[in-house]
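2 protein chains.
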Amino acid sequence: MAEDGKLANGAGRIDFATDPARYRHWKLATDGPVATLTMDVDEKGGLFSGYELKLNSYDLGVDIELADAFERLRFEHPEVRVVLLRSAKPRVFCAGANIRMLAGASHPHKVNFCKFTNETRNAIEDASEHSGQRTICVINGTAAGGGYELALAADHIILVDDGSAAVSLPELPLLAVLPGTGGLTRVIDKRLVRRDRADVFCTTEEGIKGKRAAEWRLVDDAVPNSKLEESVAARAKEFATKSDRPEGEKGIALTPLERRVTPDGREYKYVSVAFERDERLARVTLRGPDAPPPASVADMAAQGATFWPLALARELDDAILDIRLNELDVAAIVFESAGDPAAVLAYDAFLDLNRDHWLAREIRLKWKRVLKRIDLTSRSLVAIVAPGSCFAGTLSEIVFAADRSYMLIGQREGDNRPPATLALSEANFDWYPMSNGLTRLATRFLGEEKPLDTAYKTIGQPLDAEQAEEIGLVTFALDDIDWEDEIRIFLEERASFSADALTGLEANLRFGGPETMESKIFARLTAWQNWIFQRPNAVGEEGALRRYGTGQKPVFDTKRV
Amino acid sequence: MAEDGKLANGAGRIDFATDPARYRHWKLATDGPVATLTMDVDEKGGLFSGYELKLNSYDLGVDIELADAFERLRFEHPEVRVVLLRSAKPRVFCAGANIRMLAGASHPHKVNFCKFTNETRNAIEDASEHSGQRTICVINGTAAGGGYELALAADHIILVDDGSAAVSLPELPLLAVLPGTGGLTRVIDKRLVRRDRADVFCTTEEGIKGKRAAEWRLVDDAVPNSKLEESVAARAKEFATKSDRPEGEKGIALTPLERRVTPDGREYKYVSVAFERDERLARVTLRGPDAPPPASVADMAAQGATFWPLALARELDDAILDIRLNELDVAAIVFESAGDPAAVLAYDAFLDLNRDHWLAREIRLKWKRVLKRIDLTSRSLVAIVAPGSCFAGTLSEIVFAADRSYMLIGQREGDNRPPATLALSEANFDWYPMSNGLTRLATRFLGEEKPLDTAYKTIGQPLDAEQAEEIGLVTFALDDIDWEDEIRIFLEERASFSADALTGLEANLRFGGPETMESKIFARLTAWQNWIFQRPNAVGEEGALRRYGTGQKPVFDTKRV
Chain A
1 MAEDGKLANG
11 AGRIDFATDP
21 ARYRHWKLAT
31 DGPVATLTMD
41 VDEKGGLFSG
51 YELKLNSYDL
61 GVDIELADAF
71 ERLRFEHPEV
81 RVVLLRSAKP
91 RVFCAGANIR
101 MLAGASHPHK
111 VNFCKFTNET
121 RNAIEDASEH
131 SGQRTICVIN
141 GTAAGGGYEL
151 ALAADHIILV
161 DDGSAAVSLP
171 ELPLLAVLPG
181 TGGLTRVIDK
191 RLVRRDRADV
201 FCTTEEGIKG
211 KRAAEWRLVD
221 DAVPNSKLEE
231 SVAARAKEFA
241 TKSDRPEGEK
251 GIALTPLERR
261 VTPDGREYKY
271 VSVAFERDER
281 LARVTLRGPD
291 APPPASVADM
301 AAQGATFWPL
311 ALARELDDAI
321 LDIRLNELDV
331 AAIVFESAGD
341 PAAVLAYDAF
351 LDLNRDHWLA
361 REIRLKWKRV
371 LKRIDLTSRS
381 LVAIVAPGSC
391 FAGTLSEIVF
401 AADRSYMLIG
411 QREGDNRPPA
421 TLALSEANFD
431 WYPMSNGLTR
441 LATRFLGEEK
451 PLDTAYKTIG
461 QPLDAEQAEE
471 IGLVTFALDD
481 IDWEDEIRIF
491 LEERASFSAD
501 ALTGLEANLR
511 FGGPETMESK
521 IFARLTAWQN
531 WIFQRPNAVG
541 EEGALRRYGT
551 GQKPVFDTKR
561 V
Chain B
1001 MAEDGKLANG
1011 AGRIDFATDP
1021 ARYRHWKLAT
1031 DGPVATLTMD
1041 VDEKGGLFSG
1051 YELKLNSYDL
1061 GVDIELADAF
1071 ERLRFEHPEV
1081 RVVLLRSAKP
1091 RVFCAGANIR
1101 MLAGASHPHK
1111 VNFCKFTNET
1121 RNAIEDASEH
1131 SGQRTICVIN
1141 GTAAGGGYEL
1151 ALAADHIILV
1161 DDGSAAVSLP
1171 ELPLLAVLPG
1181 TGGLTRVIDK
1191 RLVRRDRADV
1201 FCTTEEGIKG
1211 KRAAEWRLVD
1221 DAVPNSKLEE
1231 SVAARAKEFA
1241 TKSDRPEGEK
1251 GIALTPLERR
1261 VTPDGREYKY
1271 VSVAFERDER
1281 LARVTLRGPD
1291 APPPASVADM
1301 AAQGATFWPL
1311 ALARELDDAI
1321 LDIRLNELDV
1331 AAIVFESAGD
1341 PAAVLAYDAF
1351 LDLNRDHWLA
1361 REIRLKWKRV
1371 LKRIDLTSRS
1381 LVAIVAPGSC
1391 FAGTLSEIVF
1401 AADRSYMLIG
1411 QREGDNRPPA
1421 TLALSEANFD
1431 WYPMSNGLTR
1441 LATRFLGEEK
1451 PLDTAYKTIG
1461 QPLDAEQAEE
1471 IGLVTFALDD
1481 IDWEDEIRIF
1491 LEERASFSAD
1501 ALTGLEANLR
1511 FGGPETMESK
1521 IFARLTAWQN
1531 WIFQRPNAVG
1541 EEGALRRYGT
1551 GQKPVFDTKR
1561 V
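Protein chains in written order, with the working numbering: chain A, 1 to 561; chain B, 1001 to 1561.
Hints were generated in silico from the structure; no laboratory data involved.
Treat each hint with caution, since some may be false.
What the hints assert, rightly or not - Below, in silico cross-link-like pairs of lysine-lysine (PhoX-like), each with a Cα-Cα straight-line distance of 20 Å or less:
| id | chain 1 | residue 1 | chain 2 | residue 2 |
| --- | --- | --- | --- | --- |
| 1 | A | Lys-6 | A | Lys-27 |
| 2 | A | Lys-54 | A | Lys-27 |
| 3 | A | Lys-269 | A | Lys-227 |
| 4 | A | Lys-190 | B | Lys-1190 |
| 5 | A | Lys-89 | A | Lys-54 |
| 6 | B | Lys-1027 | B | Lys-1044 |
| 7 | B | Lys-1027 | B | Lys-1006 |
| 8 | A | Lys-559 | B | Lys-1006 |
| 9 | B | Lys-1006 | A | Lys-450 |
| 10 | A | Lys-6 | B | Lys-1559 |
As the list claims (entries may be wrong) - Some chain A residues close to chain B (C-beta under 10 Å, calculated; not the full set):
| id | residue |
| --- | --- |
| 11 | Pro-20 |
| 12 | Tyr-23 |
| 13 | Leu-178 |
| 14 | Ser-378 |
| 15 | Thr-443 |
| 16 | Trp-483 |
A quick note: this is a predicted structure, and the numbers were derived from the prediction, not measured.
Ideal placement from N, C-alpha and C gives every residue a C-beta, glycine not left out.
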């Protein structure tokens, strides 16, 4: 059940599925290698009732469409090498996250909203870094707060130099919160704005215009209106030339997911979700492929969105988002799987063999994003490896993403299926870096080469529970006598702990080793923002977020912490 | 004024000055190259009234003594190569931070308490990494929460294997908070405990004992009582042999600071602090040396604690801590300086020339720690470079630590002192890495070599305001016409912003680039802990921290954020 008031469409849950024909806030047009994604937010199109999305301000509904557009550009338009991000509103690029929406939103919704918008911006950068699809942001007026943060996700920012268009991060002076969608991190670590200038910029409500914005590196070019289109076209051409996107390939359609929603579950083609509400659990079962891999990349392309790895990734992504936003009371997600491990490995081998094909690349990158989404999901993650399961290669990443994993030794009484196995593939050593830049196995064996080498040598071998435990791939290998009780007691205990403390614990233990701009956004920046979102100076009755637009000044506790 | 209730000694402020003769909680003994620091907390010796420090639990007062002991070991005992950290209580090493103290403490005190204890543990690690003084922790019983986190700061942990001694991080199951003194980060990133085992460990209230603790890497050795002393002695000998501490040198006494406390200021020998309470400012003036550097290292050692760089560093450290803990309403610290820049550079040159001398090394490392303490101080930091100032070399680090700096172009009307200058020395390029591992100049010019090279070429040259601005060393160079108004308006505006939002902003903008274990502790871990310290599940009337020890179970909001 969605947490915040009433969804404007009368539904009981937030739906992440959409497509361009249903967009209310964006227009997507392609012209050969250049796509134009135009923001034109429908004021009356808010996800919840109670606010209007003026001046291209956004809520989660607007961002769901943005994320969908970028997904489609990758799969449906392999010919697109440059995306122009523009506004259809005169003199306004984007006013950022809608303040009335934020002021009225619950703490969990605010946090989950920020997380999703961060993931969308990271996906824009991922397309640039790994798919040869670069983004140019054209700022025709005001780009304030989240509006400028959206621009920061682009490779290149062009600002109209007309004496009024400006970029700004006015959150602190105006609302007593931080720019929560990566703004502070990207200003410093991506655009390399000098830290004292960043301090000036982030405390200047009206922002910075024209040449100074360029000189301070807040934008790349400040150009007069008369030269804008020429400048945009030249830059688009330059970027298109450098891209390694394929020549002459046709995209595949991201057809609607097969999904059946019941009060206590979700049924997709390859994913089932069962809620055990009294235990505060969501059991997510992933099913292996029902056929061997296709004979050729042409056949893969012909299967399109029904190609098993892609179908499963999309379904899993939708299921995770559904739990995050609509099922706040779920303490733990228990991952199980069903199928033939060898068949899963065969798909990994197929993707590995065709790793240079654009679609195979996109599918790997999609899995990378879905797995990152799981890492960043603030619920306890548990993997159960039992007879009948198919945690192999790509699917075993779920086991390594889990906070804990349990694997059954041998068979269960009354079940004559063979004992469970776990198996690795090349995918586990290279394809899916976490947001810290390391693979899940490298994070698991942080700073050590030997166990990683040992694991590498087992590629393709089915490992039984005792072997998997010995190599360090699962937390506990248990026999049938202990199995049910141990897991039940663990899950009960987990549900009894403070939800907040678990969120903090998991956010710290999951990401060992180095930090990247992405992990800094989710750790340092987000954690501070979450703290501020709890402080009376922002969210109290007299706080800035509540008082914004009322004409009353906020009242602050002046004590520094 | 101290924030929390009544100080047990009846004073109005927390005092950071102490010495071994006054310790109530620790005993420091040295025997050649081995020092033993024994924790024996006086139950009745709490810093505030209202709780008893049972079972070697600690509060800020206990940690002030610990920090003092490690400072003295570095300066007063250059012969000490190994520190044994032990407990005088039977079957208890340390029970961690006192829970009743935490439950009764204000949010700012909790946060500042954690920050100081983190800095103390970092200083223990710094002594090991940079001063050849290693620490062995001997755990004779229970090491719970902060008790185990203290052990984690050591190079080596020996646990008695007697069937009952255990290490634990019970904060989450017991109190619904995180281990807030680096525990999560050090378990993962220093001791390389596998993340799923860390999850088990941090959710197991009773902790882990004996061989399993060693197997999981939570400790280095688990030895029976009968072999304990032999094992400790052997390890101490091994570490002493490897140390690069000097042979045959005598320490210098860290004599009490000269300090006069008035209602609106502090007067040290080289530091003045003036509080402008209506403006919520602390003006900190640093004075340059009153004599040229000594002729030799022997003369430096003879000057001891009165040697200008050391005296100034100690005074500045005390002043910063005083503001942090006792002056919560100060929004900004304005740094000024007075003296001869050439004289300051002469001291840097002296320290550089004698960089291999143990005392010169310790003084550089002390400055490094003091400057890090400034970086981590949650107040707006402002540097004012005006005629008469001496921001050169080491002192100019204060300008680069500041969130913003203002430098006057030329002279002020009615003041015939020559225009201000800024000057660099080798110190700015090497001696003082921040907690992100980069120098302040490298952080300022993040990812760029050219401006750093340009700055390096100016070493020793007095730079006027326009040159300093051109090179990028100050935020604004202003002439006399704008000077006073610009700074006044800025400081007024700063004081009008939300204190919390500024804390979050500064924590993000100050630390660009890479992260280290240390910066992760202050960013990711601390920010999450601060958030949890605001959440009802921990601190609410029915929260775990409040209900601990009452016999009543806490009541949790089960929603995950």
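Given pair status - B:Lys-1559, A:Lys-6, alpha carbons within 20 Å: holds, 18 Å
Supplied contact hint for A:Thr-443, tested at 10 Å Cβ to chain B: holds, 7 Å
Hint status (Cβ of A:Leu-178 to nearest Cβ of chain B, threshold 10 Å): A:Leu-178 check passes; min Cβ-Cβ to chain B is 5 Å, inside 10 Å.
Given pair status - A:Lys-54, A:Lys-89, alpha carbons within 20 Å: holds, 10 Å
Restraint status (C-alpha distance of A:Lys-6 to A:Lys-27 at most 20 Å): violated, 27 Å
Interface restraint verdict for A:Ser-378 against chain B (beta-carbon cut-off 10 Å): holds, 5 Å
Satisfaction of hint between A:Lys-27 and A:Lys-54, Cα-Cα up to 20 Å: With Cα atoms ~17 Å apart, A:Lys-54 and A:Lys-27 stay inside 20 Å; holds.
Satisfaction of the A:Trp-483 interface hint, Cβ to chain B closer than 10 Å: violated, 17 Å
Satisfaction of the A:Tyr-23 interface hint, Cβ to chain B closer than 10 Å: With a closest approach of 29 Å, the A:Tyr-23 hint is violated.
Proposed proximity, B:Lys-1190 with A:Lys-190 (alpha carbon, max 20 Å): Violated. A:Lys-190 to B:Lys-1190 sits at ~28 Å, over the 20 Å cutoff.
Pair hint outcome, B:Lys-1006 versus A:Lys-450 [Cα-Cα no greater than 20 Å]: violated, 55 Å
Pair hint A:Lys-269 and A:Lys-227, alpha-carbon separation not exceeding 20 Å: violated, 51 Å
Hint violations for this structure: numbers 1, 3, 4, 7, 9, 11, 12, 16, all remaining hints satisfied.
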